[in-house]
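Asks: So you can see what is in the structure, the chains are spelled out below.
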Amino acid sequence: MSDTAHSEGHTHSAKPYLRIYYILLALLVVSIVGPMMGGLTVLLITAFGVAVVKALMVAAYFMHLNVEKKYIWYLLVMAAIFLLVLFFGVAPDVMNKSGVNWKHLDHPAPAVTAPAHH
Amino acid sequence: MSAFQVPIATNRCATGIPTGRLAIWWVLASEIVIFGGLVTCYLLFRFRHPEWAAEAEHTKLAAGALNTFVLLTSSLFVVLAHVAACNKDTVNARKYLIWTILGGLIFLCVKAYEYTSEISHGYTITRSVFWAFYYTATALHGLHVIGGMTIMGLILPDVAKGKNLQRVEYIGIYWHFVDVVWLFLFPLFYIASAAS
Amino acid sequence: MTSSSVHADAAPEADSHAHHAPQSFWSKYIFSVDHKIIGLQYTLTGIFMAVVGVYMSYVFRMHLANPAAHIPFYGVLSPAAYNSLVTNHGTIMIFWVAMPILLAGLGNYCIPLMIGCDDMVFPRVNRLSFQVFFLSTVLLLVGFMAPGGAFGGAWTSYPPLSAKVEYNLTPHGNVIWLLAVALEIVAFLLGGINFVTTAMNSRAKGMKMFDMPVLVWMIVIATIIFMMSVGPLVAGAVMLLLDQTLGTHFFAAQGGDPVLWQHLFWFFGHPEVYVLLLPELGVVCEIICVFSRKPLFGYKTIVYTTFMVGILSMIVWAHHQFIAGIDPRMASIFSLTTIIISIPVAVIMFAMIATLFKGSIEFKVPMLWAIGLIVEFLLGGVTGIYLGSSALDVYFHDTYFVVAHFHYTLIPLVAFGGFAIFTYYFPKVTGKMLDERLGRIHFWGSAIAFNFIFIPLFFSGLAGEHRRIYDYSGFAELTTPHMQSLRTMATHALLVMIAFQIPFVINVIKSLLKGAPAGANPWKANTLEWTADSPPPHGNWAELPEVYRGPYEYSVPGREQDYWPQNAAN
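Residue numbers (the numbering used here), protein chains in the order written: chain U, 225 to 342; chain V, 10 to 205; chain A, 581 to 1150.
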């Protein structure tokens, strides 16, 4: 039912998880306040860098990858690598507005009702 | 139908990882490429269209932040349910699972408020490809939230009786994954409005 | 192997052995959780869909040989029906024939038997997988009854043709087609998780990773490739569905990008070819070892090479898009990877030939199909080199050369491989032997006719004949008597090939009724499935086997018998 590595013998405590939870909340505040500081670099670090850190913390401590067999990391990293392959394979065609001997012509967007101000 | 009997195969454990947990990780690996594929497509378009930053201004940062908080908290609850299950404490395991389901419900309510408000202001799915991505990604994520809540509801009776307690951990791993997906959707659709 | 003590209701292996065989017909054959029944359900559904797919090819080949004529068993073929038949022929043959027979049917039947356990690890998930698959089958066929007809935008479903009703003219057919394919993918994801987890966790006592038969390795690697490549297509299918139904513009020129769909489709679509190839290569490895009484040459090399094939197969996809306007620098990279992937595949082929070398070869029917597969697939692979090079592909693309190349790879895999599996495992599944003479007639007739279908198509493709054209009368250079004779020859060869399936059907019926009893191990093979009864009972073995050695100990010097089953203590 749980990780054999550390479940046998003693009672589990909730404390370490609470500590991780408080760190996650602090990081959430950082990611919201970050963009208000202005600057693209700050935003990228506070929004996406912090998202990566948060995701890794959830994976390591809440999903117990820190005590899981190494196989699972390989599995997840493999999936991530294939996604990178997809990104860089598709990027030259889809990410740019023009390329070698081609140019993306912007078609007129279909008529939509103008959004009301709010 | 005659009572189903768990085959011997299920309880074998050549890798050292219980079968259910191993399968959950494979489920997540295939989910990573599904959400990852969608996010990859979004990123490709996002780099091509710097002007989408202006569209992203209209998503509700406060609601997104609240939802991040709600999901992180529900992740904590589900891991506490797992701790309780490890200690064979079925009362607390059941309590924390119910709190997790409530967290999912709050998340969906906030999401429903966001959708309603955005649609009523004209930001519909067909307005532009940005909004199409926004609705597709968040709705796909929302379906996963609903799926997780449903499964938790289904395992509750057994958990209360102290049967199949390993399932608390498995649904927990899935729920954390749903949380992790949101951790990425949040900056992609809510925060990155200033990036150009 | 550590027995898992962490499951709350885990019972020790010895005393949980009371497998109750289900009683009624419904619980035994329709809603069964037994991996063998589910494997047969997949296989029989696949065979049924193969008949449907062949019927479609019969209709449009008859039309091409004799345009606008009345086709027996069909009538006159309209242009819209031509499109939907061509589209659904491709879709059915890949997703509803090759996948269920080669991956799901074979994997379900063989994995638990080959690794010595009583069932898949999640039998109920397995049942759900087949039920979802069955639903998808029904949905796809329902598409033909939808107002406006079945989807006709080719099996690759490129937008904007597939996305906008104004272009494809099938307002319901396109949505139904997409939903059916999506459901089918869900079914195989459910099954795939089961396959991989079973092979990783539930091997018999004493069986190490490298004691698994190559077939299990290949099915597992194929499943992993499938699971890793299909995700972006699932996302893409959701996007396309929204384009079709809600009018978003993911793949439209107004803000979206049609080329993106092509990338998502082929990011899955090319690995898919290897998903189909690998289980077949595994079966061929098993069969040539058994029928040449020799150990497999380079077992570990084959496994590692297969991993290499798997990884490389993920980075070749854009060779389907050389004329789609993709970046020419990327085209060069994809050309290179495409040509590189022939190296590991060739390594596996050479290992097979080395296995045959100096063996005591018996040309039993399964062996004929296996060798036929190698020979014909080689022709398909070699013609792929032309298409993989981006400069040549500009000329060949969308001609019948591509059609012929594709069928020269896929028909050996699906038909030759399928018949190899069928004839090899028929004694195990039914407990009866097939007739060798009828089997040989079936093999030689089909194999020769197959070449006469597709060799003419190579030539008509070289002459510039485009595929997916209903009526060639507008192209003067394609309506010459010579071009028409190539088309007619292919059609006649198809009729001959269909006719040669009659001995096969007779053989199956005759053997089921009064074939010689097979016994547990008619081929004198080593792998564990041959130590169970034929057909294996519910739970497979009275006592689950223990494994002492690898699967390919044939003709070991100093032994009386030339085989050495994996579970024999000495």
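Don't read these hints as lab results, they were simulated from the structure.
Note that this is a predicted model, so its numbers are computed, not measured.
All C-beta atoms in this analysis are idealised placements derived from N, C-alpha and C, irrespective of residue type, glycine included.
Each hint should be verified, as a subset may be incorrect.
Keeping only pairs whose Cα atoms sit at most 25 angstroms apart, straight-line, the calculated DSS-like set for lysine-lysine is [as the list claims (entries may be wrong)]:
1) U:294 - A:938
2) U:293 - A:1094
3) V:120 - V:170
4) U:239 - V:69
5) V:120 - U:239
6) U:294 - A:1104
7) V:170 - U:293
8) U:293 - A:880
9) A:938 - A:1012
10) U:294 - A:944
11) A:938 - U:327
12) A:1104 - A:1094
13) A:744 - U:321
14) A:744 - U:293
15) A:1104 - A:944
Output of the computed footprint for chain A on chain U, the stretches with three or more beta carbons under 8 angstroms from beta carbons of chain A [to be verified]:
16) 279-287
17) 309-318
18) 321-327
If you only want the chain U side, here are some residues facing chain V, beta carbon under 8 angstroms, derived [stated by the list, open to error]:
19) 265
20) 269
21) 294
Asks: For each hint, tell me whether it holds in the structure or not.
Replies: Against the structure, the hints come out as follows:
1. U:294 - A:938: 43 angstroms, violated
2. U:293 - A:1094: 53 angstroms, violated
3. V:120 - V:170: Distance of about 34 angstroms is beyond 25 angstroms: violated.
4. U:239 - V:69: Status violated; Cα separation ~33 angstroms.
5. V:120 - U:239: Between residue 120 (chain V) and residue 239 (chain U) the Cα gap is close to 31 angstroms, so the pair fails against 25 angstroms, i.e. violated.
6. U:294 - A:1104: 40 angstroms, violated
7. V:170 - U:293: Roughly 30 angstroms between the alpha carbons, so the hint for residue 170 (chain V) and residue 293 (chain U) is violated.
8. U:293 - A:880: Judged against 25 angstroms, a Cα distance of about 24 angstroms means the pair holds.
9. A:938 - A:1012: The given pair, whose Cα atoms are some 31 angstroms apart, is violated under the 25 angstroms limit.
10. U:294 - A:944: This hinted pair is violated, its Cα atoms lying about 45 angstroms apart.
11. A:938 - U:327: Violated - the C-alpha atoms of residue 327 (chain U) and residue 938 (chain A) are around 60 angstroms apart, more than 25 angstroms.
12. A:1104 - A:1094: 22 angstroms, holds
13. A:744 - U:321: 24 angstroms, holds
14. A:744 - U:293: Roughly 48 angstroms between the alpha carbons, so the hint for residue 744 (chain A) and residue 293 (chain U) is violated.
15. A:1104 - A:944: 13 angstroms, holds
16. 279-287: violated (count 0)
17. 309-318: Our answer is that it holds, as 7 residues pass the Cβ test (under 8 angstroms) against chain A, meeting three.
18. 321-327: Result for this restraint: holds, n = 4.
19. 265: 10 angstroms, violated
20. 269: 11 angstroms, violated
21. 294: Because about 11 angstroms separates residue 294 (chain U) from the closest Cβ in chain V, which is outside the 8 angstroms limit, the hint is violated.
Comparing the model with each numbered hint stated earlier shows that hints 1, 2, 3, 4, 5, 6, 7, 9, 10, 11, 14, 16, 19, 20, 21 do not hold.
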